[in-house]
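Engineer: Build the full structure now, drawing on both the sequences and the hints.
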Amino acid sequence: MSSIRREIYYVLIANKFGLVGFSIILAFALVAVFADHLAPYDPYEIVAPPYTPPNERFLLGTNDIGQDILSEFVYGARVSLYVGLTAPFIASLIGTMLGLVAGYLGGVVDEVVTGTVDVMLALPTLPLIIILAAYIGPSLNNIVLVLAFFGWSGFARIVRAQVLSLRERPYVEAARAVGASGFRIMVKHILPHVIPLIIANMVLSATSAILTEAGLSFLGLGDPIAKSWGQILRRAQVGHAFHQGLWLWVFVPGMGIALLGAGFTLLGIAIEERVNPRLRFSRK
Amino acid sequence: MLRYFLLSRLLRVFIVFFIIVLLNFLLPRAMPGDPASILANEYNLPADTVRILRSMWKLDRPLYEQFFAYLESLFTGQWGYSYKYYPRTVYELVMERLPWTLLLQGITSLTVSGLGIIMGILAGWRRGSKVDVSITVSAIVVYAIPYYWLALMLQYVFGYILKVFPVAHAVTPGLPHANFFEYALDTLWHLALPVTAVTLTAYASYTLVTRNSMVDVLEEDFIFVAKAKGLPERVVMKHAIRNALLPPLTMLAIRLGHIVGGAVITETVFSYPGVGYLIYESIIYKDYPVLNAAFFMLAITVIAANFAADLLYAVVDPRIRYVKRG
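Listed in order, the protein sequences are those of chains A and B. Just so you know, we're using our numbering here: the first sequence kicks off at 1 and counts up by one. Just so you know, we're using our numbering here: the second sequence kicks off at 1 and counts up by one.
Mixed in with the good hints, there may be bad ones.
[To be verified] These stretches of chain A come out as covered by chain B in the derived footprint (C-beta under 8 Å, 3 or more residues):
| # | region |
| --- | --- |
| 1 | 121-134 |
| 2 | 220-233 |
| 3 | 242-256 |
| 4 | 270-276 |
[To be verified] Below, simulated EDC-like cross-link-like pairs (lysine to aspartate or glutamate); rule was C-alpha separation at most 20 Å, straight line:
| # | chain 1 | residue 1 | chain 2 | residue 2 |
| --- | --- | --- | --- | --- |
| 5 | B | 84 | B | 96 |
| 6 | B | 238 | B | 216 |
| 7 | A | 16 | B | 132 |
| 8 | B | 130 | A | 273 |
| 9 | B | 84 | B | 281 |
| 10 | B | 84 | B | 72 |
No lab work stands behind these hints, which were simulated from the structure alone. On a predicted model such as this, the values are computed, not experimentally measured, just so you know. Glycine included, each C-beta is placed from N, C-alpha and C at the ideal position.
Structural biologist: Following this line, the structure appears as C-alpha cells:
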C-alpha cells in the first residue's frame, strides 16, 4: 500500500506535469459529476430567443435554437470524459490480452497477432473511423467501440515487447521450474510489471480519443442527442456564430477540448516518465 | 534475409490494401437495406430505377460475384457516375479535386514536419533546459488543440474582424485572373489560413517524437566517444541528428501516403475543393461511387507509402534487414 502511495506522490505531487494534468482532469471531472447543479439551465430546454448575445443571465449567450450555451458546455464535459476514459480502457483490455499471449507463447500466435498489429497500424485511421461512424450509426457507444477497435493495436505492440524481455527473467524461469502454469505466470508474474506502462498509454491515448470524438461530432457524424463539445462547435459553425458576433460560442468549447486533452497528455507523460526513466527531463 | 524482409513487407501491404478495399465493399452491404434502396429513399427513386441499379451493381447476385465485379470496376477505372453531381463521372470529379488536395496537403506536410522536427531537435539537444521545457510543454498543449477549432478562430480574427484573409474556397470565385502569377497569388492567399491552422496544431507530434528520439541517440556510446574525442558541438549534433531523424521521417512517409484522402475536416471548414471535402459530401449525401473511388485511391497510396517507409528503414538502418522482424 505504501508503495502505491509513493508512486502517486511521485506522479501527482512531485512531478509538475502530473500535478497540472491531474488538476485539470479533476476540475473537469467535478464539472461533469455536478453538471446538474452547475449548469444554470437544462441544456435541451429553449430558454431564450435564438442568438441571444452573452449577458448576465446567459453568460455565453444562446445558440441558434435558443438553448443556453454555458449549460451545453457544462454537460459537454460528461461526453468528453466518458469517451476519453472508456475508449482507451476497452482498447487496453484487448491490446493487453493479445500482447500478453503473443509475447509469452510466441510461435504462430505471435506471428498472427504481430501481423494483425502491423496491418492495423498501417490503416488510415481517421477516414476509416469517419466512414465506420457514418455507416454504423451515430451513437456515443458506437463511437467508443470504433475508437477502441482502432486503438488496441498500439497497446498490443507495447505489451508484447515488454513481455518478450520479462519472459526471460530468472524469476519467471523459477516459476516455470516449480511448475506454475502458463496462465498463472502470465497473470501473476508478468502482468503486474506491464500494468504501469499500460496505464501510461491509456492516459496518453485519452487525448486522441477525445479529439476524434469531437472531430466526428463537429462533422455531424457524432451522437446527435449527446451534448458534446464537438456538437456545440458544429452548431456554431452551421449557425454562423461569427456572423452573429458570438465568438465565445466557438471559443469556449474548443478551449474545453484543448485543456482536457492537454491535461491527459501531461498526466500521461508524468506516468510514463516514472515508468520509463530514460525519458526524464532532468539530466542524470 | 533481405528477400525475406521484402516478401514479408509486401505481404503486409497487400493485406492492408485488401482490408481497406474489403471494408469499403462490406460496409454499405452490411447496413440495413442495400445501397440501391438507401438511394431510393434518399432521392425518391422510382422502382424501375432501383431495379436497374440492383442489376447494375449485381446486388441480386451472390456476394463473391459482387465482390469480383466491384474489384473489376475499381481497377479498370469504371467508377461510374456521382449521385450528387450527376451526370458528372466520379473519375472526373476526383481528378478535378485531387490537385487542390495535393497542393494543400503537400505544403502542410512540409511546414508541419519541418517546424516539428526542428523544434524537436532543439528540445532534445538541450534536454532538461528551459528551451526543452518550453518547447515540450507548448507542444503538449498544442497537440490537444482541435485544428478545426483553431481554423474557426483564425477565420474569425483574420476573416471576419480584420478581413485580410478569405475564409472559404481555393480561389476567389468568379474573379478573372489576368495571368498565371495573379492566379498563383490568389491561391496562396486562400491557403494562408488553412495552412497556418494545420501547421500550428499538427507540428507537435513531430516535435515530441523527434525530441525523444534525440534524447535516446544522445545517450548512445558513439556520441560519448565523439564528445570524448573533442569533436566540436556542431559535428556531434550532426551525428546525433542523422540517427535521430528516422522516426519522424517514417511519420512523414506515412503521412504522405494519406494525403490523397485529403484533410477531411480542414477542407470542410474552409469549403476547400479537395478530395477531403468530396469525401465529406459523399458521406452526407450517401454518394457511394465517389466514396468507393476515394477510398480506393487512398488504399493504393497508403500501401505505397508504407512500403516506401519500410524500404527507407532498411536502407538507413541496416540492422533491420538482418532481424526477422522490425
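Engineer: All the hints need checking, so say for each whether the structure fits it.
Structural biologist: Now for the hints, and whether the structure bears them out:
1. Given as covered by chain B, the region 121-134 of chain A passes the check, having 10 residues with a CB less than 8 Å from a CB of that chain where 3 are the minimum.
2. With 4 residues bearing a CB less than 8 Å from a CB of chain B, the region 220-233 of chain A meets the requirement of three and the coverage assertion stands.
3. Counting residues of the region 242-256 of chain A whose CB lies closer than 8 Å to any CB of chain B gives 7, so the stated coverage by that chain holds, three being the minimum.
4. With a threshold of 8 Å between beta carbons, the proposed coverage of the region 270-276 of chain A by chain B is violated, since 0 of its residues qualify and at least three are required.
5. A threshold of 20 Å between alpha carbons decides the hint, and for residue 84 of chain B with residue 96 of chain B the separation of about 15 Å falls inside it, so the pair holds.
6. Only pairs whose Cα atoms come within 20 Å are accepted, and residue 238 of chain B paired with residue 216 of chain B is accepted, the gap being roughly 15 Å.
7. Taking the CA atoms of residue 16 of chain A and residue 132 of chain B, the gap is about 15 Å. The hint holds against a cut of 20 Å.
8. Note on residue 130 of chain B and residue 273 of chain A: the hinted pairing holds, with a Cα-Cα distance of about 18 Å set against a maximum of 20 Å.
9. A distance of roughly 9 Å separates the Cα atoms of residue 84 of chain B and residue 281 of chain B; the hinted pair therefore holds under the 20 Å criterion.
10. Under the criterion of a C-alpha separation no larger than 20 Å, the hint pairing residue 84 of chain B with residue 72 of chain B is inconsistent with the structure, at around 23 Å.
Taken one by one, the earlier hints fail for this structure at numbers 4 and 10, listed in ascending order.
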